Structure formats: structure tokens, C-alpha cells
Amino acid sequence: MEELDLKEKVKLVGGKTIEECGTVISLLHRGRIEEADRLLSSVKKRVGLITKLCTEHPILLRLPVVRDANMEYVEAVCYYFFLTEGRVPPYTSFKVEPDEYILGLADLVGELRRRCLDLIRMGKLELASKTFDQMVETYEYIWRFEYPKKLVKGLRHKIDIDRKLLEDTRLILTQAHILAR
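Residues in the sequence shown are numbered consecutively from 238, following this note's numbering.
To be clear, the hints were calculated from the coordinates, so they are not data collected in a lab.
Since this is a predicted model, take the numbers as computed values, not measurements.
From the three backbone atoms N, C-alpha and C, an ideal C-beta is built for every residue, glycine too.
A portion of the hints provided could be inaccurate.
[To be verified] In silico lysine-lysine, DSS-like type, Cα no more than 25 Å apart, as pairs:
1) 401 - 386
2) 289 - 332
3) 390 - 248
4) 281 - 332
5) 401 - 387
[What the hints assert, rightly or not] Listed next, with one range per pair, are the computed distances between beta-carbon atoms:
6) 384 - 412: 43 to 53 Å
7) 300 - 415: 44 to 54 Å
8) 384 - 296: 32 to 42 Å
9) 329 - 361: 27 to 37 Å
10) 329 - 358: 29 to 39 Å
11) 267 - 301: 21 to 31 Å
12) 260 - 366: 26 to 36 Å
13) 260 - 405: 42 to 52 Å
14) 405 - 300: 50 to 60 Å
15) 298 - 415: 41 to 51 Å
16) 360 - 289: 40 to 50 Å
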């Protein structure tokens, strides 16, 4: 009975974590950094609780919501740090599985693209170029885990999407630079 209760608790906490990570990213896109920072503190506590429960009951690690929550957490934290400090934190900054970190980074590329396009729209081409450079750096980092062997389940599809995002963003950014001359 206790195991079922714990399973439900992890599902609830994981679901809330995923939801709040989405809210953090949305706040960041709207420039509401302080609100995002406060919410990220709450998310960090939830992730800590999930980690604690899974450490005490390793069978819970098999729940898909654990992986998804950790991936979303990595994505939100990395986007926050990119906006506030101009960097993406390394794997060692997180208490997640390596594949969760890699998949979170793969999702980060999409958020960076959105930021890049917003900056282009605002005429901030230098910042857009810096954001694009981070997209490329992130893509090149995660790509190493796919080729020549598939080390992370689900990464191939994300890499294919990210490659297309990079190609499209490069074209748009290049056109914006040409038009700005």
C-alpha cells in the first residue's frame, strides 16, 4: 500500500514540476526574471523531493514522470542561467541522470530559437547572434551522444528537430543581418 501511495505522490509532484517548469520558461520569455527565479526555487524543492523518494525507493525511477520532470527542470534551469549569466550550467550542477540532462539540453535548443527570433524582431541582432551561437554549441554537445552510437534513448528525434531549427534560424538571422546593412 505504501508503495502505491509513494507512486501517486511522485506522479503528482512530477506533474506539478513539469507544469511549473513550463511556467518558468514562459515567464523568462516575457522578461519576468524575478518571478521565474522565485518559481524556480519552488521547482528545485520539488525535484529534490522526487530525488529523495527515488533514492529511498529506486523502483520509482521507472516512472516516466520522473524522467520528464527532470528533463523539464534541466531545460528551465539552463534557459534561466543563459538569460541571467550568459552560460548553460554543466551536468555536475544537477542531480539528474545523464540522459535527462542531455534530453533537457535538446529541448533547450527550441527555447533558444524562440529567444533568437524575438531578438531579431526587436532589432537586437548582436544578442540574437549570441543566442544562435549557444544553440549551435548546445546542438554540437548533444550530437556527440548520438553519433556514432545511440547512447540516449529518444535523442535522435530531438537532434533531427534541433538540426532543422538551427538551419531555419541561421537563414533568418543571416537575412536579418543582410537587411540591417
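Hint compliance check: list the failing hint numbers for this structure, sorted ascending. 6, 13 and 14
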